[in-house]
Amino acid sequence: EAGVAQSPRYKIIEKRQSVAFWCNPISGHATLYWYQQILGQGPKLLIQFQNNGVVDDSQLPKDRFSAERLKGVDSTLKIQPAKLEDSAVYLCASSLIQGQLNSPLHFGNGTRLTVT
Amino acid sequence: GENVEQHPSTLSVQEGDSAVIKCTYSDSASNYFPWYKQELGKRPQLIIDIRSNVGEKKDQRIAVTLNKTAKHFSLHITETQPEDSAVYFCAASIKLGNQGGKLIFGQGTELSVKP
Numbered sequence: 170e171a172g173v174a175q176s177p178r179y180k181i182i183e184k185r186q187s188v189a190f191w192c193n194p195i196s197g198h199a200t201l202y203w204y205q206q207i208l209g210q211g212p213k214l215l216i217q218f219q220n221n222g223v224v225d226d227s228q229l230p231k232d233r234f235s236a237e238r239l240k241g242v243d244s245t246l247k248i249q250p251a252k253l254e255d256s257a258v259y260l261c262a263s264s265l266i267q268g269q270l271n272s273p274l275h276f277g278n279g280t281r282l283t284v285t
Numbered sequence: 572g573e574n575v576e577q578h579p580s581t582l583s584v585q586e587g588d589s590a591v592i593k594c595t596y597s598d599s600a601s602n603y604f605p606w607y608k609q610e611l612g613k614r615p616q617l618i619i620d621i622r623s624n625v626g627e628k629k630d631q632r633i634a635v636t637l638n639k640t641a642k643h644f645s646l647h648i649t650e651t652q653p654e655d656s657a658v659y660f661c662a663a664s665i666k667l668g669n670q671g672g673k674l675i676f677g678q679g680t681e682l683s684v685k686p
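Read top to bottom, the protein sequences are chains A and B.
Note that the first sequence ends on residue 285 in the numbering used here; no numbers are left out.
Note that the second sequence ends on residue 686 in the numbering used here; no numbers are left out.
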């Protein structure tokens, strides 16, 4: 099966600019996740979708970050305006069954964001 | 609160030796504990997972043990090889009401296997 697709692979922007990341999950996977991975740290969950509804966004900095999954398939994550501390790898993941995490997460290759 | 602590942060072993990585979690309702391996510049990949109704699971050179009472779980790699060198992350599920759960990751352990 095709894996989780993400684009772009790399992005360099200046602080206060905006940026958007795109993710296409594995076909048929109902649950989609966006994680932020700062260098040397574990992935931190930003937002979790079940189909096109938000399940958890408690760690999403909502003053600057937004995400949507309008048709319950692919998703976009936006940062506006970016700060230096947003420099990280943004990982998208998907899973087949969300309830009680009975199926594993499959990660994409991530987007490495550098804010200068 | 939601927290997963992972130790050690770095681990260096000789090829052929065993490696053990330990994690503790805070939510007693957690019931799913996967381990991911992340090679430099690559995506995290699931290597083994365990559910709360099982105390131990083994897959070739990799095993995971779970102590629900103490709220900790460990990854054991035997007969380590240079290709085992990577960053390993543990994770624990956090229940989200009727919405299932989410995964909280540990900080990672950088394993280096020296030939």
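Treat the hints loosely; a few may be bogus.
[As the list claims (entries may be wrong)] With a cut-off of at most 27 Å between alpha-carbon atoms, the simulated DSS-like pairs for lysine-lysine come out as follows:
#	chain 1	residue 1	chain 2	residue 2
1	A	K184	B	K629
2	A	K184	A	K240
3	B	K666	A	K213
4	A	K231	A	K247
5	A	K240	B	K666
6	A	K231	B	K629
7	B	K593	A	K213
8	B	K628	B	K639
9	B	K629	A	K252
10	B	K593	B	K629
11	A	K247	B	K628
12	A	K180	B	K613
13	B	K628	A	K240
14	B	K685	A	K213
15	B	K666	B	K642
16	A	K252	B	K639
17	B	K639	B	K593
None of these hints come from the bench; they were simulated from the model.
For each hint, the structure was consulted:
no. : hint             : in the structure
1   : A:K184 to B:K629 : violated, 47 Å
2   : A:K184 to A:K240 : violated, 31 Å
3   : B:K666 to A:K213 : holds, 16 Å
4   : A:K231 to A:K247 : holds, 10 Å
5   : A:K240 to B:K666 : holds, 26 Å
6   : A:K231 to B:K629 : violated, 41 Å
7   : B:K593 to A:K213 : holds, 19 Å
8   : B:K628 to B:K639 : holds, 14 Å
9   : B:K629 to A:K252 : violated, 44 Å
10  : B:K593 to B:K629 : holds, 16 Å
11  : A:K247 to B:K628 : violated, 40 Å
12  : A:K180 to B:K613 : holds, 16 Å
13  : B:K628 to A:K240 : violated, 38 Å
14  : B:K685 to A:K213 : violated, 30 Å
15  : B:K666 to B:K642 : holds, 15 Å
16  : A:K252 to B:K639 : violated, 40 Å
17  : B:K639 to B:K593 : holds, 13 Å
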